[in-house]
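S.K.: Two chains, two separate frames, one set of hints: put the complex together.
Chains V and S supply the protein sequences, listed in that same order.
So the first sequence is numbered by my numbering: it starts at 36 and just counts up by one.
So the second sequence is numbered by my numbering: it starts at 4 and just counts up by one.
Honestly, the hints are just simulated from the structure, not real lab data.
Honestly, I wouldn't trust all of these hints.
Under the rule of at most 20 Å between Cα atoms (straight-line distance), these lysine to aspartate or glutamate pairs were calculated in the DMTMM-like manner [what the hints assert, rightly or not]: (1) V/K91 - V/D66; (2) S/K43 - S/D73; (3) V/K103 - V/D90; (4) S/K43 - V/D90; (5) S/K25 - S/D73; (6) S/K39 - S/D88; (7) S/K12 - S/E85; (8) V/K77 - V/D52; (9) S/K39 - S/E27; (10) S/K47 - S/E85; (11) S/K70 - S/D33; (12) S/K44 - S/D88; (13) S/K39 - S/E61; (14) V/K77 - S/E27; (15) S/K12 - V/D90; (16) S/K44 - V/D119; (17) S/K44 - V/E74; (18) S/K25 - S/E56; (19) S/K44 - S/D73; (20) V/K103 - V/D66; (21) S/K39 - V/E74; (22) S/K12 - S/D41; (23) V/K77 - S/D41; (24) S/K47 - V/D119.
Label pairs and their computed distance ranges (CB to CB) [stated by the list, open to error]: (25) S/N60 - V/R92: 29 to 35 Å; (26) S/F45 - V/F81: 14 to 20 Å; (27) V/A64 - S/V15: 40 to 46 Å; (28) V/K77 - S/V115: 20 to 26 Å; (29) V/S75 - S/P98: 25 to 31 Å; (30) S/P72 - V/N62: 43 to 49 Å; (31) S/R111 - V/N102: 34 to 40 Å; (32) V/R92 - S/F45: 24 to 30 Å; (33) V/K103 - S/N54: 45 to 51 Å.
All C-beta atoms in this analysis are idealised placements derived from N, C-alpha and C, irrespective of residue type, glycine included.
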Amino acid sequence: GESVGLHLPTLSVQEGDNSIINCAYSNSASDYFIWYKQESGKGPQFIIDIRSNMDKRQGQRVTVLLNKTVKHLSLQIAATQPGDSAVYFCAERGGGGNKLTFGTGTQLKVEL
Amino acid sequence: DTAVSQTPKYLVTQMGNDKSIKCEQNLGHDTMYWYKQDSKKFLKIMFSYNNKELIINETVPNRFSPKSPDKAHLNLHINSLELGDSAVYFCASSPLAGSGYTFGSGTRLTVV
Chain V
36 GESVGLHLPT LSVQEGDNSI INCAYSNSAS DYFIWYKQES GKGPQFIIDI
86 RSNMDKRQGQ RVTVLLNKTV KHLSLQIAAT QPGDSAVYFC AERGGGGNKL
136 TFGTGTQLKV EL
Chain S
4 DTAVSQTPKY LVTQMGNDKS IKCEQNLGHD TMYWYKQDSK KFLKIMFSYN
54 NKELIINETV PNRFSPKSPD KAHLNLHINS LELGDSAVYF CASSPLAGSG
104 YTFGSGTRLT VV
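So that you can see chain S by itself, here it is in the shape it has in the complex (with noise of 0.2 Å):
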């Protein structure tokens, strides 16, 4: 069983586009984050929720919209894709707030 799994794991799209991407983890936490990772590798925290509160919204476009439908999954939806959008985005969980974090395998997304 996967902890942390992501959906999909590649999505090549183009600019203008509408796309999802879904998280779910089966470890029970309650503390679940999105992250992106661009082409250096720096990981940036975008969003988190705790228990389907959302508690962080860094400075992140408002074409990124998290839902998280109940604690096991967040999902992450992007309005009109552009090209600097391309990155892996990955999503994690934590027991607790700020706590070690399991990751998913990430989801690369090229915008086009």
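One chain only, chain V, in its complex shape (with noise of 0.2 Å):
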């Protein structure tokens, strides 16, 4: 499934299903984007980045997608688990700045 996360909607996942979480930022100048994950009654956790020279980074489970040109950032979690219920925040940092502007967020639910 996908979502676009500008307005906290919710995205419902089959358990083993792959998970695509949507986000449009704003600033060209924005050099580095981050993905967080936050549970609930928890702070944001890291999960993976990007900096603005590259289009695809891959980890454990989780890869981003970049497109500059439509300024989109996309998170594609793989064989969602129950463990991956959360909402999930992109962030960006302005060129050469020094804050992380997030956006809205979307909450993230695995169905069993």
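M.R.: Structure follows, in structure tokens:
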């Protein structure tokens, strides 16, 4: 399944399926992007990052894709598990900037 | 050992009171931040300190005053609390300004 992470939508997927969470950013000068996972009652946790000179980066079960032409970032989670249920945030850093600006998040729910 | 620790975890107080939230990191990071997360999960930066010096001060009421006694600590004092201050406040740190953050577990502030 897919969703656009602009208004805290909910993405529901079946356990074992792949999840795709999308994020649009507005600053064409942004040079660094990160995906965070926030479980209920906890702080956001780093998942994976990507610099603007790359268009794809893979981690364990996660892949981040960056399309600078349309200012779009996506997080793909392979074989989604119940423990993946959380709110996912994309964050960007403006070129040469000193802070991360967060998107509004997407709630991922994994159905058994 | 908790990398970024905040106290208290929960804070319930009456309007008009003054309260403080404390944050400590043992990661040796130079930069620390305060973010506010509202009821819709939106994360917005408030302040950032780099090696005890204020480098980011977003549009935040003067009632909020950060203090960094050393680079491992960043506290947040709030005067004359208002209902709209109710939120979850997250402390974070990073090795360099704008690089990947490590977040604390948050302080849920409820003003009644």
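S.K.: Now tell me, hint by hint, if it's right for this structure.
M.R.: For each hint, the structure was consulted:
Taken as a hint, the V/K91 and V/D66 pair is honoured in the structure, with Cα atoms around 14 Å apart against an allowance of 20 Å. Between S/K43 and S/D73, the direct Cα distance comes to roughly 33 Å. Violation of the 20 Å bound is thereby established for this hinted pair. Only pairs whose Cα atoms come within 20 Å are accepted, and V/K103 paired with V/D90 is accepted, the gap being roughly 8 Å. A hinted pair counts as satisfied when its Cα atoms are at most 20 Å apart, and S/K43 with V/D90 does not qualify at roughly 30 Å.
At most 20 Å may separate the alpha-carbon atoms for a hinted pair to count; S/K25 and S/D73 meet this at roughly 13 Å. Pair hint S/K39 plus S/D88 holds up; C-alpha atoms about 9 Å apart against a cutoff of 20 Å. About 19 Å separates the Cα atoms of S/K12 and S/E85, which keeps this hinted pair within 20 Å; it holds. This hinted pair does not check out: V/K77 and V/D52 have alpha carbons roughly 25 Å apart, beyond 20 Å.
A distance of roughly 17 Å separates the Cα atoms of S/K39 and S/E27; the hinted pair therefore holds under the 20 Å criterion. Pair hint S/K47 plus S/E85 holds up; C-alpha atoms about 18 Å apart against a cutoff of 20 Å. With a C-alpha separation of about 15 Å, the suggested pair S/K70 and S/D33 falls inside the 20 Å cut-off, and the hint holds. As the CA atoms of S/K44 and S/D88 are separated by approximately 14 Å, the hinted pair is consistent with the 20 Å bound.
Using a Cα cut-off of 20 Å, the hinted pair S/K39 and S/E61 holds, with the two alpha carbons roughly 11 Å apart. Using a Cα cut-off of 20 Å, the hinted pair V/K77 and S/E27 holds, with the two alpha carbons roughly 16 Å apart. Our distance criterion of 20 Å between C-alpha atoms is broken by S/K12 and V/D90, whose separation comes to about 39 Å. Proximity of S/K44 to V/D119 is assessed by CA-CA distance (about 18 Å); at most 20 Å being required, the pair is judged to hold.
Annotation: proposed proximity of S/K44 to V/E74 holds, straight-line Cα distance about 12 Å (limit 20 Å). Our distance criterion of 20 Å between C-alpha atoms is met by S/K25 and S/E56, whose separation comes to about 17 Å. A C-alpha spacing of about 30 Å is found between S/K44 and S/D73, which places the hinted pair above 20 Å, so the restraint is violated. Between V/K103 and V/D66 the alpha-carbon distance is near 10 Å, which keeps this suggested pair within the 20 Å criterion.
Distance restraint check for S/K39 and V/E74: the Cα-Cα separation of roughly 16 Å lies within the 20 Å cut-off, and the hinted pair is therefore satisfied. For the hint pairing S/K12 with S/D41, the CA-to-CA distance comes to about 16 Å; that is within 20 Å, so the pair holds. Restraint check for V/K77 and S/D41: the C-alpha separation of about 14 Å stays at or below 20 Å, so the hint holds. Annotation: proposed proximity of S/K47 to V/D119 is violated, straight-line Cα distance about 24 Å (limit 20 Å).
Here the CB-CB span from S/N60 to V/R92 is close to 33 Å, well matched to the stated 29 to 35 Å. One distance hint, 14 to 20 Å for the beta-carbon pair S/F45 and V/F81, holds here, with the actual separation near 19 Å. Our hint of 40 to 46 Å for V/A64 and S/V15 holds, since their Cβ atoms are close to 42 Å apart. Judged by the Cβ atoms, the range 20 to 26 Å given for V/K77 and S/V115 holds: they are separated by roughly 24 Å.
Taking the beta carbon of each, V/S75 and S/P98 are about 28 Å apart, inside 25 to 31 Å as hinted. Look at S/P72 against V/N62: about 34 Å separates their beta carbons, and that is not inside 43 to 49 Å. Checked against the hint of 34 to 40 Å, the pair S/R111 and V/N102 passes, with Cβ atoms roughly 36 Å apart. For the hinted restraint 24 to 30 Å between V/R92 and S/F45, the CB-CB distance of approximately 26 Å keeps it satisfied.
Here the CB-CB span from V/K103 to S/N54 is close to 32 Å, at odds with the stated 45 to 51 Å.
Of the numbered hints listed earlier, those contradicted by the structure are 2, 4, 8, 15, 19, 24, 30 and 33.
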